[in-house]
Amino acid sequence: MDRAHILRLLDNLRSADNTLRKSAEAEYESIIQGNSVWMMCNLSELCAVTDSAPTMQMGLVLLKKLFSSKHNCFDVSDAQTQQAVKGLMSQVLGKAAFGPQRGLAAACVSALVVKMHALGQEWGELWQSVFQILENAESDHQLKTICCEIIATTGPSMASYFESHTGRLVTGIRNCLADPSVEARKSAFDALVNVAMCRSIPDFAQLVPLMLQVVQDSLNASNWDDAEQLTGKLADGVAHAPGLFAGHTSAVLHGLMEVASAPSVASGARHMAIETLLTYCESEPKTVRKVPNFSTSFLQLLFEYTLNPVMPDDWDIKGVNLDDDLEEDDDDTVGSSGIDRLASSLGGRKLETVAQQLFVENIHSSDWKRRNAALLLITYLAEGMTTVLEKHLEQIVQMVIPAVRDEVKYVRASALDCLTQMSSDFAPKMQEQLCHSVVPVVMGCLGDSVPAVATRAARCLDSFFDQCEESENEDDTVFIKQFENYIEGLCVSLVTLLKQTSHKFVREDCLGALSSVISTCKGLLKPFVSHLVPVFQEVLAMPETPETIMMKCKAIECTTLLACGVGRESFAPYAHEMCNYLRDLLNHLARGSKEDDMRLRYVLRGWTCMTDCLREEVTPYLAIVMPVLISMMNVECDTEVENAEVGDDEEDEEEKDVTTMRVVVPGVGVRKIKMHTGLIEEKDLAASVVSAMLSYVGKQLKPHLPQITESAVKLLSFQSDSSIRESGALIIDGVMDAYETAERAQVAVSVMSPLLNQFAEEDDLEASSAMSVVISRCIDDAPTLVSIETVDSISEKILGVLRRAMESRTESLQSQQEENDDDELDKLKEEEEEAEALIRDTCDLLDKMLERAGAVFAPVFNNKFIPVLQRMLQGNEKEFMVARGLALLCSLVEHAPDHVAGLISTIVQSVINFAQRHEDADVLQSSFYLMNLLLQYFERHEYPAIRQFVQQVYGIFSRYMAVAHKEEYEDTTCNAISMAVTLLSLYYQLLPEHELAQSLDCVVNSLPAGGDKTEACRVHERVMMWVVQRHSLLQGNEARVKAIVARLKSAKEDVTNESTRAQLAHM
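If you're matching positions, the sequence shown starts at 1 in the UniProt record's numbering and goes up one per residue.
Careful, some of the hints might be misleading.
[To be verified] Label pairs and their in silico Cβ distance ranges:
no., residue 1, residue 2, range
1, SER222, GLN395, 18 to 24 Å
2, GLU833, GLU761, 18 to 24 Å
3, VAL1028, PRO527, 36 to 42 Å
4, LYS391, LEU903, 45 to 51 Å
5, GLU710, ASN587, 21 to 27 Å
6, ALA623, GLU761, 55 to 61 Å
7, GLU710, ALA251, 34 to 40 Å
8, GLU710, GLU761, 19 to 25 Å
[To be verified] Below, computed lysine-lysine pairings styled on BS3-like, alpha-carbon distance capped at 27 Å:
no., residue 1, residue 2
9, LYS966, LYS391
10, LYS1052, LYS1013
11, LYS22, LYS70
It is worth saying that the hints were derived from the structure and are not from the lab.
Each residue gets a CB set at the ideal place from its N, CA and C atoms; glycine is no exception.
Kindly generate the complete structure, drawing on both the sequences and the hints.
This is the structure in structure tokens:
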């Protein structure tokens, strides 16, 4: 192939003729498959000599790909060929530096440099030329620019090389920052940041003032485009290499504040300065909080940005588009989103005083723009300052509510937006305490003559009711009954607006509000079923158009939520018609008629509700629903990680529902992470639906259980989304419920290994907790899983998790001691709580192993876990750790008594010590339970110091019972009484007469026991045995016997077992 042929091939590769281009691509691929080295050499030579810009561009694009990690043509070339290619590429650089192909040439050469670096080769001649150009302040700015571009592109992969040439690099970048050319300056910013993000090089800090001066120079010259671009580069530096600015934080922040607050500066530059400030706050919140007055000044500035909102001419008839709200193209959107980000990054304490002042001073202003800004302030502060603002919640709400009736429509809308956000951020407190203040007022706004305001009222009700948290404890949701008086009015108002409005967005929001009311109020909607369902059916019968699709989705949601809320009997007239509708639509969607149809998600959630409503009656439809769900759970869409080829930053093709991120790995390079967000969402939904359906109709799913189990095991290792891993564990738990008891062991055996492997690596608390519960259950259903052959492996994995959690907690506690920043302390305490939750879950798993496989596990526990247990029981430890440590000792003594002989003295000393020194309810409860177990243990195993132990136990009990305790000690008291019953039953002869009488009186007077139901049952059973067997304690004291019987008869049924109740029935 001669040069003319190559030129013709390159021309065809650029052709607009699709057939010609495809043919050229096939020919090119064929050539490089046969002789890629030949093509590399010819393209290098062609790019070095051609004067055609299009030819050079195409040649460089192809060369960059040949130099990438996916090809090895340079690797396999001999030394002479490699040297020739390097020489030609040097010529390309020199020529391209002064033309439009500069960036592409730099990327191409950089790819070759990184390739050589990976092969252990250095391109000495190139670097010598680069540094010579940069060190000479008089070098042409275009040469400086291309040299900096090479450094910027290779920096992530070769930071160690640049660290060894720090002096030359600092000199060169300083010269570029001082160059009048903005291109040279921008490329210098990139070079500095891209090396600094991978290596902390102290000498770089001296360049920060020059970077700031470069930005200032462009501002002083009113070069707004340059200023915006340079400030953007500064923002990149703050985001990716915050350590670079550590010694200049105050100067950076105040310099950018001057830019952001100067009205004379063009909006693009001001907004970029705001972005850089916010990025700094998010990257280095702890450092920023220490800069005097910055936080408050910045909040005041952002507030001022919101004082001049830009409203479109068609605002009245536009819905609330959250995507549009994120577009920061004017001052008020920049200010609003900035307030949100500032509060979320810095926390509330630094901002509380100035936020309160700004709100109070402006909420009643005569200027509507200030009233509006005050409402925006609370709206966007709420999420980041929840803890601080919650103290003033009622006062804030009472000041916001009048604004929903403001004479200015924009203020009314902002007030409703504010209540909407607060309903989410302050749930459920706002719903519990302020329902009667909020609901009637917002309901009134549904009749607002401005559609944009009315729709916000619907959205506010949607948020208010949506955020009512469900709880298994009825006492926690009693407040929902206070909604009863509003339900009819809500339904009438929302349905009326739904029918009367001609605006699609209003109708969608009305349906959204109805779905939340239905979801929260459930059975309270029973009287309105016959009125509501026809309304929803009318929507479902609308023609299929892009304009109606969301309304129909909302109608599906409303109808199916109503079904599960009011129950099978109330919904019976409509149940099977709705199931048939869902079946037909699911069939339609499953056939692929609609690609990425949002209705699929609503249909699947609808099936969850209908299953909850109909239970076993839904069985005929499961054959259609379950294959779709299982297929969705099995979709391969986990995170894809690959090398980002050098210089390919601009080459990512945008894909729908796919997020691509770039992560710098120091010394390795850039990794490209691709996440299929749309498919992940569907997979997550399918998993949660299957989990729910198992809880409703698990037995009816038996034909599908093997496939469900197989899918769930795969979900455990899905790395993109922890909620999917959690769902995997929950599904396995549901599967085991669905199987008969005899069948569960086989399931446990099949899932144990993948469960343990993921548990050992899991970094999400919720997922880890779910996995630990299922592992415990597996051991419960199949104790032989913990065998001589497997116990070491299982123990090592659990020990690793426990050690990791304890180390995390220790680090958090140490940091708390050194930290003076209240907001930072809050974060550290959250880390401590998360670590403690993982410790608790892991200890529960150890408890289960001791309970179900104590004979095998106890020797390993004593060998591997006792050192960890000793850490938990150190004298200076907090109550949480002590309680967990004592609980483990309880399990060891209770379930593996044959393996504690060598530890008894230490256990006795520990429990007595903690019981005497601590007043924490959990510590005392565990202490009393452990002392109870020890008293029983010493009945079977001789203990020389039993008299002393009995006296110590009696003293602890009598001191505890002499003090009145709060309700939170109810379980503790029950365990104390249980221990005393054991003490009196087994060791009454070792107690002096007055102590014996006092203890017996205390026990009898405490009957019936409450709190810990399991222990209360034991107390009542054992005391009953005193009566039945005429224990020596009661001989000659019939009055006490009668008192005991009377008290036991007054006990609730849930704290007496069948035997005790039967004996009492004959007395």
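To see whether the hints hold, each was checked on the structure:
1. Here the CB-CB span from SER222 to GLN395 is close to 46 Å, at odds with the stated 18 to 24 Å.
2. In this structure the hint that GLU833 and GLU761 lie 18 to 24 Å apart at CB holds, the actual value being about 22 Å.
3. Between VAL1028 and PRO527 the C-beta distance comes to about 54 Å, which lies outside the given range of 36 to 42 Å.
4. Between LYS391 and LEU903 the C-beta distance comes to about 48 Å, which sits within the given range of 45 to 51 Å.
5. Between GLU710 and ASN587, the C-beta spacing of about 24 Å keeps the proposed range 21 to 27 Å intact.
6. Distance hint check for ALA623 and GLU761: the Cβ-Cβ separation is about 37 Å, which falls outside the suggested range of 55 to 61 Å.
7. Between GLU710 and ALA251 the C-beta distance comes to about 60 Å, which lies outside the given range of 34 to 40 Å.
8. As the Cβ distance of GLU710 to GLU761 is approximately 21 Å, the hint placing it in 19 to 25 Å holds.
9. Of the supplied pair hints, the one linking LYS966 and LYS391 holds, its CA atoms being roughly 26 Å apart against a limit of 27 Å.
10. Only pairs whose Cα atoms come within 27 Å are accepted, and LYS1052 paired with LYS1013 is accepted, the gap being roughly 10 Å.
11. Under the criterion of a C-alpha separation no larger than 27 Å, the hint pairing LYS22 with LYS70 is consistent with the structure, at around 21 Å.
Of the numbered hints listed earlier, those contradicted by the structure are 1, 3, 6 and 7.
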